Structure formats: C-alpha cells, structure tokens
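Q: Sequence order for the protein chains is Y and Z. Okay, so the first sequence: first residue is 3 according to my numbering, each after it adds one. Okay, so the second sequence: first residue is 3 according to my numbering, each after it adds one.
Derived by calculation from the structure, the hints in this document are not laboratory data. Keep in mind that a hint or two might mislead.
[As the list claims (entries may be wrong)] Now the in silico label distances, taken between C-beta atoms and shown as ranges:
#	chain 1	residue 1	chain 2	residue 2	range
1	Z	13	Y	243	44 to 54 Å
2	Y	235	Z	314	56 to 66 Å
3	Z	293	Y	412	46 to 56 Å
4	Z	346	Y	158	34 to 44 Å
5	Z	256	Y	94	50 to 60 Å
6	Y	286	Z	198	38 to 48 Å
7	Z	346	Y	197	25 to 35 Å
8	Z	77	Y	402	23 to 33 Å
9	Z	389	Y	392	26 to 36 Å
10	Z	275	Y	406	36 to 46 Å
[Said to hold, decoys possible] Residues on chain Y that point at chain Z, a partial pick, calculated with CB under 10 Å:
#	residue
11	68
12	196
13	414
14	422
[Stated by the list, open to error] Pairs of lysine to any residue residues, derived as SDA-like cross-links and limited to a Cα-Cα distance of at most 20 Å, are as follows:
#	chain 1	residue 1	chain 2	residue 2
15	Z	417	Y	398
16	Y	424	Z	44
17	Y	424	Z	45
18	Z	428	Y	251
These figures come from a predicted structure and were not determined experimentally. Quick reminder that beta carbons are idealized off the backbone N, C-alpha and C, glycines included.
Protein chains: 2
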Amino acid sequence: MMNIQIPVTKKKRIVIIGGGFGGLALADKIRSEEFQVVLIDKHNYHQFQPLLYQVASAGLEPSSISFPFRKNFRKKKDFYFRLAEVKDLLIEEHVVVTSIGNLSYDYLVVAAGTTTNFFGNETIRKVALPMKSVEEALTLRNTLLLRLERALDCSNPDTKQSLLNVVIVGGGATGVEIAGAISEMKKYIIPKDYPDLKKDALTIYLVEGSTKLLASMSEEASGNALRYLTDMGVIIYLQKRVVNYEAGRVLLNDGQSLPASTLIWVSGVVAEHFNNISPELIGHGGRLLVNEFNQLKDHQDVFVIGDICLQKNEASYPNGHPQVAPVAIQQGELLADNLERMLKGSSLVPFAYKDRGALATVGRNKAVADLKKLRLHGFMAWVVWMLVHLRSILGVKNKLIVLINWIWNYITYDKSVRFIFKSSPKGY
Amino acid sequence: MMNIQIPVTKKKRIVIIGGGFGGLALADKIRSEEFQVVLIDKHNYHQFQPLLYQVASAGLEPSSISFPFRKNFRKKKDFYFRLAEVKDLLIEEHVVVTSIGNLSYDYLVVAAGTTTNFFGNETIRKVALPMKSVEEALTLRNTLLLRLERALDCSNPDTKQSLLNVVIVGGGATGVEIAGAISEMKKYIIPKDYPDLKKDALTIYLVEGSTKLLASMSEEASGNALRYLTDMGVIIYLQKRVVNYEAGRVLLNDGQSLPASTLIWVSGVVAEHFNNISPELIGHGGRLLVNEFNQLKDHQDVFVIGDICLQKNEASYPNGHPQVAPVAIQQGELLADNLERMLKGSSLVPFAYKDRGALATVGRNKAVADLKKLRLHGFMAWVVWMLVHLRSILGVKNKLIVLINWIWNYITYDKSVRFIFKSSPKGY
Chain Y
3 MMNIQIPVTK KKRIVIIGGG FGGLALADKI RSEEFQVVLI DKHNYHQFQP LLYQVASAGL
63 EPSSISFPFR KNFRKKKDFY FRLAEVKDLL IEEHVVVTSI GNLSYDYLVV AAGTTTNFFG
123 NETIRKVALP MKSVEEALTL RNTLLLRLER ALDCSNPDTK QSLLNVVIVG GGATGVEIAG
183 AISEMKKYII PKDYPDLKKD ALTIYLVEGS TKLLASMSEE ASGNALRYLT DMGVIIYLQK
243 RVVNYEAGRV LLNDGQSLPA STLIWVSGVV AEHFNNISPE LIGHGGRLLV NEFNQLKDHQ
303 DVFVIGDICL QKNEASYPNG HPQVAPVAIQ QGELLADNLE RMLKGSSLVP FAYKDRGALA
363 TVGRNKAVAD LKKLRLHGFM AWVVWMLVHL RSILGVKNKL IVLINWIWNY ITYDKSVRFI
423 FKSSPKGY
Chain Z
3 MMNIQIPVTK KKRIVIIGGG FGGLALADKI RSEEFQVVLI DKHNYHQFQP LLYQVASAGL
63 EPSSISFPFR KNFRKKKDFY FRLAEVKDLL IEEHVVVTSI GNLSYDYLVV AAGTTTNFFG
123 NETIRKVALP MKSVEEALTL RNTLLLRLER ALDCSNPDTK QSLLNVVIVG GGATGVEIAG
183 AISEMKKYII PKDYPDLKKD ALTIYLVEGS TKLLASMSEE ASGNALRYLT DMGVIIYLQK
243 RVVNYEAGRV LLNDGQSLPA STLIWVSGVV AEHFNNISPE LIGHGGRLLV NEFNQLKDHQ
303 DVFVIGDICL QKNEASYPNG HPQVAPVAIQ QGELLADNLE RMLKGSSLVP FAYKDRGALA
363 TVGRNKAVAD LKKLRLHGFM AWVVWMLVHL RSILGVKNKL IVLINWIWNY ITYDKSVRFI
423 FKSSPKGY
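The following block holds chain Y by itself, in its conformation from the complex:
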C-alpha cells in the first residue's frame, strides 16, 4: 500500500480520524504554528447530526446542515484533509491504514464516533433505515416519499396499509424527533399532497425497550414527550423490543407483529470498529477506554475523544459520559490545549464535563428542555431548542437558509424539500 502524500516537516504530526463535533473542535483550536494536522473523514463535510431528522422528513436540505471541511480549514496553515476510510490502527508502528494509503503520526486522535447498532441482526440491517449520516437521512426521505407514491397505486389493501405503516425503533431524542416530524407530515402535508389517500392512512409506531421515552432526560420531559406524541397520533409501545423482520412484518419480543414496509432504526449505537485493537482496550458498546486526559489505555500518544471513547469518572460518570455533542466538543477543545501542554512538557489537565442540559423537540411549538436550573416544555422549550441549534450550525449562509426554511415551514405548515433525488458518483 502506498503512503498518503503529506509533506514531512519538523513539526509533530497529529492525525485526527473523524471530523464530527469532537474532531472538528480539536482541529479548529489546535495551533498550526506548533503542529501539522491531518484530518481524515469518509465524507468531505462536517455534518450537524442534531438536525438529521429534519432532512429525513423533508424540512431541510442536506446542504443546510453540512459544511465542507476544506472550506472550514482554508485559512489554517499546514493543515491537510483527506477523504478516506480508516481500516487499521497500527499503534505500535505509529501508522494508520486507510482506503487510500498509510499515514504515520506522532499523535493520533481517534474521533470516529459511533455507528448504528443492529445487534447483529443481518435481516434488520438490510431492511431498516438508520439515521446517523446526511446520506442516510436523504435515503430515508427518498424512501418515505416513494412509499407514499407506491401506496397510491396499490390495489391490495393489506399491501397498501403495509406501505403506509412506519415503525420507528428507539425512543431516544432521535426517535422522538423523527416520530414527531413524520406525524406532522401526516397532518399537514399528506391530506393536501395525496388527497386520494385516506386521511389517517399513515400510521406511525414508536417502539422503545425501556419504561419511558427520552430515558436520559427528566421524568417531566419524558412524560411531556409521551403526551405530545400520543396527542399527535403516534402509537407508542414501551417496554417492547423489535426482534426481527420477516415477510414484511416487524416482530416484537412479546410475539406481536406489525406489517410495515418502513422500519426506521434509531435504537442504539456502537463505537466505530478498527482492526488490530487489542480487546483489553475496549469497554462496553465497543468504546475505547481512556484515562482522564483522553489517552488510550497504555498509549500516551493515542487520544480518543467523543462518542467512541469511554472515560470513566468514578465520582460523576462511573459508566462513562453520555454520547452527546457537548462532551465531544469539550473533549476536543481540552485536547487542543493538552497537546500544546505536552509539547511544552507541562502537566495535562483532566477532563471535567460541563453539562448544560438536554433538549428534544417533538413538533411545532412542542419541545422539552432540561436546563441546568430550569425545566421547560412547549413553546418556550421549542424556542430555546431553535436558538441553541441555529447558533451551533456551522456557517453564516447555512444559518440564514435554515432560518428562512424554519420560518417558511412554520408559516406555511409546509415541508418543502419533498424530492426523490438519487445519485452516486460515476466510476466509483
């Protein structure tokens, strides 16, 4: 295998795997006067994952929640982006093996995040629609719209209903948000766009294994989300698990089955996997074990940040931090400082998570927020949710276009990006 062509300098080379929230925060903050930085990602853009569900439900364009890495790092000296998939980490040799060649490093930062956990069920992997990337959200949008078109021309009533049944598996924030968004499509879009479908034809099921929705939030937030979704006509099954998909039916663990063409799978994640990692470095959920400085166990020059790392803080997070954007961002920013400290021989600062709360939105004027000193729901929580997300989206033009879309959709009760666009590069 060839080597990836990056100029050799006297500076230490940091290789960052993954430009999600953690990798991006680090790459933005690290000083290129002191390090050469190589960012490797399998997409050529950063994706703003919290709004994937709006892409999937035709409310926003994919490009509005994406930002090209090359554009973001234009002004950064001695910075290199490479579009590639990382296969192996050869930690002893200080080399990463990628789809386009090998690359050596002085410091390695693994910020590769997580992928959808299908719990080893190959049938479900083939049939189900995950929602961890912009491309997957686009695929979900394409598929949802195509199912509606196909339902219209189906003369068998059972097949027709199956085309119109949507089963969402996983009652975390993503599951709640996509359930809300699809039920708004059902209420505001379908009667106008598909007058030849029965008004209530689309049926949305939300299946959650635990005893409540939004398990990581307060009882109050969970209760409000449950009430909002029930009022919007979503059929919610708690304490049930999906165990298989057979002959067009979603099978639950209690023996019940739901006929449904569309199975949306947002029920859990597992850390991205690399070859050549010894098992004692891996904790629950496939996460890589790190110390308080995000250093991989027994490897001082390998750092792991964000959803893929497992940093146990005995006092406050004995099972690791929640796998959310703020943890990744704070770890990325701290690591930028710690790497400079390392270079100077100063002692490193341990990570301490500043939890500012959690938010989830269900629909128009309906959200829940557990802030530090305040719990909100309804319109106020929804406004807070919008402001927080708008502020976090990368790029002034993206902010502007998302805002126009939100205002437009709010006034018109519309979700206007209802296109089936298929595309893949030719020759690859």
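Since the structure of chain Y is provided, determine the placement of chain Z on it from the hints.
A: For chain Z alone, kept in the frame of chain Y given last:
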C-alpha cells in the same frame, strides 16, 4: 398488468406524459371543470433545466431548481399525479402502458422531452456524464469533487493529470455554461480549497463539431462566448468530434486523444422513445411528427408538444422549431385552449412561435443575449440572464433561496454546495 387507479368520471380524461416546461404549462392552464387530468412523470418534481449546470458546479442546491408536482397542483380539482415510467403507447386502444400499470385516455399529450444522444456508443454512455436531469447534475457534482480528492493522493503524474482533465463535448448553451462554471471553480475555489494542487492543474477542454460555439445564436454572441471562455483558460476545439473513449483517453476524429477521467457529454439530444410507434410517425432526431395543432400525424386525439415533437412550419421553421423551453411553454398553453375548443366543437388555432431571443451565460458578469431588437454581451446580458431565469423559477421560496445563493456566491466568489452526497431509496 393492473390498471392505474384513477376514479372514472363523466369528464374526458387527458393523460399528460412528462411534467417539463410543456406538460406543466398545459396542466397549469387546463380547466379541471372540464377535464380530468392525469400527469405521469418519472420524477416527483418539475426541474428547471436551464440551471442544471449551476447544480453540477456546486453553485445551487438541487432543491432550488426543483418543485414537487403534488405541491404545484394542490389546488387543482380532479387532477392526479403518478410517479411512473411510460413504456408503450397503445394508440389504437387509447391506452398508455407504464411501469406501475395501464391507463386509458380520451386525449393523450406526449410531452416527454428528449434524452442525451450518445450516438449509439455504449462505451461513451457508460463513462460519460450527461446533464439532462437534476439527478445527473448531482452525479456530475459528486464525481467532479471526488476526482479532485483522488488527484491529491495520486503519485503517478500521468494518472493525476488525467484525474484533473475535464473534456466537455458539445458547444451549445449547456456546454458553454458548464465550461464557464468549472473554470470559475478552477479560478476561485481550487486554489483555496486544494492548496496542495498546482494552481493550473485543472484543465478544461471544450469540443464542438461545428465551426462555432452557440451555433443557434448570432455570430456576435458566438464570438463573445469564444473570447470569454478562451480568456478564462478553457481550451476550445472547433470542428472536432469525439469518436470514442479508450484506456482513459478521449479519442477525437482527427486522431488526437486527450487523457481525461471526466468526460461531460452535452453534445446532443434524441427524443424519448416509446415502443409501438410506427416509423412513419417519426422524423429526424426521433421527434414525433405533428400538424400545426400539435396533433400526431393521423391521430386527432394524440398531441405531442415541446422538444419531442417535430412541427414543420414551411414558412418560418421548415425543419421544426428549436428545442427550447419557450416553444414547449407556448405549445402547452395553446394546447390547453385548443382542447377546450375541441370540447366545444370550435375550430383549433394553429401554433405560431413567438421568439423572444436567446441567452447564455459564461461566468461572473459575462453573458451573451440575442434579444428581439437588441444584442447584449457582458454585464448587461448577465443581468438580463439572471432576471429572466429568476422570474421563471417555480415557487417564491425557490426564487428567494436562488437569489440569496447568487448574491452570496457573487460577493464571496464561492460555490458553497461542495458536497459528495450519495443516496438511493432502500428496497427499490
């Protein structure tokens, strides 16, 4: 094959194949008090083809130049849209055969347009990138961006240059516009986004078989376009044809060959093909022969409008009209009136094309316009071009978002939609 399920009414049923400029103009204008209208298209949206090249060159989002049919026709009574491909026309039986079933009609309107003409060369069909649909434009964007990424990591200098060579075949408006747009990417985007590529690494060739660019426009317009593109560094070959693609090289008819991974094919169109059409109904370019009322030869209840029809007007257009949007729109609008006249037993009005001129844009502040009484080039033509196109795009929000993008791109010299998004619906 099942029948497509459309309610049977006492009204006459018009089936329109294709929701391009012609089909859309007809469907918009026809009165649903008097007809039942069924529109069949293989996409669920109308596409604004004149701006495809801006999607392909990452200047605009696909959704900005697309508009969902269902949304456009929400308020139209007794109107039905079906997402399907039409295979056969059974003219004697008054039936169209589609991918989702058969459908009978009282009046048939064929407005299916044209497709890219590869002149029977299967190798070129496989390798080349056409640009007749939003999906093809998106594929071109994805491919162009991926080629740049791959060039960066190519250690063989010949392969690298081949990845950076773009050959555009066809010097009509589309060829001129995409050549201009890619050379602006070369000038304004690549030096900033890809500082590790040589400044002039990207080489753009434009190959045209005739003696001038923009063959259908004035000598003045052709000359200006040639001068603009040459100044922008595009290498233009006139009176040359591409005859094949072999071993990574584009072969020309004079024996010359150009090593190039990217072959953009906008060199000609051929009418969409249906089975079961007798050869004497077909004229040059595969176009269907119609009389002055757009009626198919010998078939009073079958109409053909737009690019797919060949309407010879001995006085002014002995070889048929140019295959451009204004002809299609005017034919669609006239047909709406003529169908109502037919219903009332009045005599039909023959088509007379009102030619308002032609426009093509090359880049920032650079366009050419042959208007009725005025020829413009440069900045003024460019402003006219923008106003005409902005006015024609469907939907207020689309106009607004296109305008914001144009202003943004103008001020920042940026084309911001530089994403590689791959997607296709699951299970289809």
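Q: For every hint, state whether the structure bears it out.
A: Verification of the hints:
no. : hint                        : result
1   : Z:13 <-> Y:243: 44 to 54 Å  : 52 Å, holds
2   : Y:235 <-> Z:314: 56 to 66 Å : 58 Å, holds
3   : Z:293 <-> Y:412: 46 to 56 Å : 51 Å, holds
4   : Z:346 <-> Y:158: 34 to 44 Å : 42 Å, holds
5   : Z:256 <-> Y:94: 50 to 60 Å  : 58 Å, holds
6   : Y:286 <-> Z:198: 38 to 48 Å : 41 Å, holds
7   : Z:346 <-> Y:197: 25 to 35 Å : 29 Å, holds
8   : Z:77 <-> Y:402: 23 to 33 Å  : 30 Å, holds
9   : Z:389 <-> Y:392: 26 to 36 Å : 32 Å, holds
10  : Z:275 <-> Y:406: 36 to 46 Å : 42 Å, holds
11  : 68                          : 5 Å, holds
12  : 196                         : 7 Å, holds
13  : 414                         : 9 Å, holds
14  : 422                         : 5 Å, holds
15  : Z:417 <-> Y:398             : 14 Å, holds
16  : Y:424 <-> Z:44              : 12 Å, holds
17  : Y:424 <-> Z:45              : 10 Å, holds
18  : Z:428 <-> Y:251             : 16 Å, holds
Consistency note: the structure conflicts with none of the earlier hints.
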